[in-house]
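Please model the complete structure; the sequences and the hints are all you need to start from.
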Amino acid sequence: MPLQQDRVVRFGELSGSDIEGKSTVEFKNIPTDFCKLEIHGVGRTLIKDVGQGAYLDTIHIHTYFQGIAAAGLAGVLTADARRYAGAWQYVSQTFQQQLSGRHILGNGSEFTPSTFGTDYGGDQFLFRYWVMEPGSTRSKTVQYESNFQVTGIGPGSNADSSQSYGQHRIDPQAGATGASFATKIFDNFKITLTGNNSTTPHVVFAPGSRIWLEGWGGGHA
Amino acid sequence: MTQPWQFLGYQKLSARASQVQFTNVWDATSPKNRNMKFKVVMEGMTYNETDVIEVGAPYYYCYTDGTNSSYDRSYYQQYDTNSGSASSKTWSTSANHGQSQSAFQEQYQNWILTKGGSGTQRRYSSAEDNLQWGTYEVTWGSQPGIGESMQMKAFNVVSISNSSSGYNHVIAGCGSGGAASPAPGTFYWQAANYTFETGSKFWMWAMRDDNGF
Numbered sequence: 018m019p020l021q022q023d024r025v026v027r028f029g030e031l032s033g034s035d036i037e038g039k040s041t042v043e044f045k046n047i048p049t050d051f052c053k054l055e056i057h058g059v060g061r062t063l064i065k066d067v068g069q070g071a072y073l074d075t076i077h078i079h080t081y082f083q084g085i086a087a088a089g090l091a092g093v094l095t096a097d098a099r100r101y102a103g104a105w106q107y108v109s110q111t112f113q114q115q116l117s118g119r120h121i122l123g124n125g126s127e128f129t130p131s132t133f134g135t136d137y138g139g140d141q142f143l144f145r146y147w148v149m150e151p152g153s154t155r156s157k158t159v160q161y162e163s164n165f166q167v168t169g170i171g172p173g174s175n176a177d178s179s180q181s182y183g184q185h186r187i188d189p190q191a192g193a194t195g196a197s198f199a200t201k202i203f204d205n206f207k208i209t210l211t212g213n214n215s216t217t218p219h220v221v222f223a224p225g226s227r228i229w230l231e232g233w234g235g236g237h238a
Numbered sequence: 090m091t092q093p094w095q096f097l098g099y100q101k102l103s104a105r106a107s108q109v110q111f112t113n114v115w116d117a118t119s120p121k122n123r124n125m126k127f128k129v130v131m132e133g134m135t136y137n138e139t140d141v142i143e144v145g146a147p148y149y150y151c152y153t154d155g156t157n158s159s160y161d162r163s164y165y166q167q168y169d170t171n172s173g174s175a176s177s178k179t180w181s182t183s184a185n186h187g188q189s190q191s192a193f194q195e196q197y198q199n200w201i202l203t204k205g206g207s208g209t210q211r212r213y214s215s216a217e218d219n220l221q222w223g224t225y226e227v228t229w230g231s232q233p234g235i236g237e238s239m240q241m242k243a244f245n246v247v248s249i250s251n252s253s254s255g256y257n258h259v260i261a262g263c264g265s266g267g268a269a270s271p272a273p274g275t276f277y278w279q280a281a282n283y284t285f286e287t288g289s290k291f292w293m294w295a296m297r298d299d300n301g302f
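So the protein lines, in turn, are chains A and B.
When we follow our numbering, the leftmost residue of the first sequence carries the number 18, and every step to the right adds one.
When we follow our numbering, the leftmost residue of the second sequence carries the number 90, and every step to the right adds one.
Careful: at least some of the hints might be erroneous.
Below, a list of computed lysine-lysine pairs in the DSSO-like style, where the Cα atoms sit at most 27 Å apart [what the hints assert, rightly or not]: (1) K65(A) x K207(A); (2) K45(A) x K207(A); (3) K207(A) x K242(B); (4) K65(A) x K39(A); (5) K101(B) x K201(A); (6) K242(B) x K101(B).
Read the hints as simulated data drawn from the structure, not as lab findings.
Spelled out as structure tokens, the structure:
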């Protein structure tokens with residue numbers, strides 16, 4: 018597949034009403050003629066109070082491959098190293114297969130009793146996903162890094178932060194599902210925010226959040 | 090004012106190699122180039138069952154001037170669950186990673202792409218598309234007359250055992266307070282006790298980091 022751009026191109030930004038108040042965002046028909054596709058996000062999360070009475074909730078990011086939920090998908094493996102709660106060390110998060118395809122963004126504390134957008138600041142995140150040669154037919158790995166910071170606003174007021182580095186991978190040798198999905202071109206990316214005890218949609222992107230794509234070019238087939 | 094990232098080059102190995110270079114990426118003696126940043130991505134692999142050995146395991150390193158000049162500091166952390174003890178290493182400036190360090194490299198004896206215990210070994214295959222891919226991202230900054238800095242992040246494949254993730258992780262950084270790379274700048278990937286397998290891929294981008302040219 019010919020490569021069209023030698024420079025980095027930024028495109029497909031979701032902001033404003035495209036993302037505010039939503040738990041799930043999806044990019045479809047992403048151009049794949051790049052060496053590297055990056056998906057960047059920056060913004061805030063809000064936990065919608067659904068009466069569970071908690072002061073904080075653990076916010077996960079579920080990753081989809083080709084629009085299909087990776088959690089529980091045979092052949093999906095997730096490796097995650099996370100530093101959190103003020104610790105100095107990164108700790109490997111060992112997930113069972115049914116939990117693969119997601120990682121913990123952080124422990125959020127900013128609840129919104131009725132509406133969101135009336136407060137400011139808390140539970141800020143940034144993340145980046147990236148995949149090499151998204152247009153190829155070899156097996157794909159999706160690398161990610163995320164940073165989550167609680168600023169103490171909201172009923173939880175839990176001073177917590179979390180940083181993760183990891184990788185989602187579809188193992189082409191892990192049964193028919195893995196073989197089927199591992200070699201698809203990577204032209205669709207979807208993520209969903211959830212809490213531990215979630216009623217969907219339970220955790221949403223707050224005002225000011227934005228997610229965009231970057232295509233890193235490179236001159237090879 | 091920075092300039093946009095631009096693609097510099099790509100290499101795919103058609104045969105095993107112990108060293109991969111990107112040459113003439115930067116001329117420190119030419120004032121028009123000034124401060125630069127580079128981003129380098131490597132996707133490496135293993136397909137050999139014996140690659141899971143831990144003792145005397147391979148490692149790799151990278152440097153920019155061909156002489157393994159010392160860096161002033163290098164910090165790293167590696168997380169390793171393959172040994173069964175789930176050992177975690179903190180940020181460190183041990184003797185091997187202090188001022189005497191001769192290159193920017195991962196911890197000795199641990200090439201985390203290939204390491205794994207018998208219970209969590211990597212899956213392997215003779216087909217390239219089935220190979221295990223570990224990816225590394227290096228950011229290299231260079232300022233004429235001031236020095237260099239590097240950061241490396243490793244994103245690695247998981248083991249075939251879903252219940253016992255064989256994940257390894259390292260983020261590292263180092264800097265040099267000494268002279269910058271001689272011109273023309275070359276970036277070296279070096280494998281020790283090992284080779285980069287056929288099919289390994291390397292990319293490089295560059296960005297001018299100031300507007301003084």
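Right, here's what the structure says about each hint:
{"no.": "1", "hint": "K65(A) x K207(A)", "in the structure": "21 Å, holds"}
{"no.": "2", "hint": "K45(A) x K207(A)", "in the structure": "8 Å, holds"}
{"no.": "3", "hint": "K207(A) x K242(B)", "in the structure": "24 Å, holds"}
{"no.": "4", "hint": "K65(A) x K39(A)", "in the structure": "11 Å, holds"}
{"no.": "5", "hint": "K101(B) x K201(A)", "in the structure": "21 Å, holds"}
{"no.": "6", "hint": "K242(B) x K101(B)", "in the structure": "21 Å, holds"}
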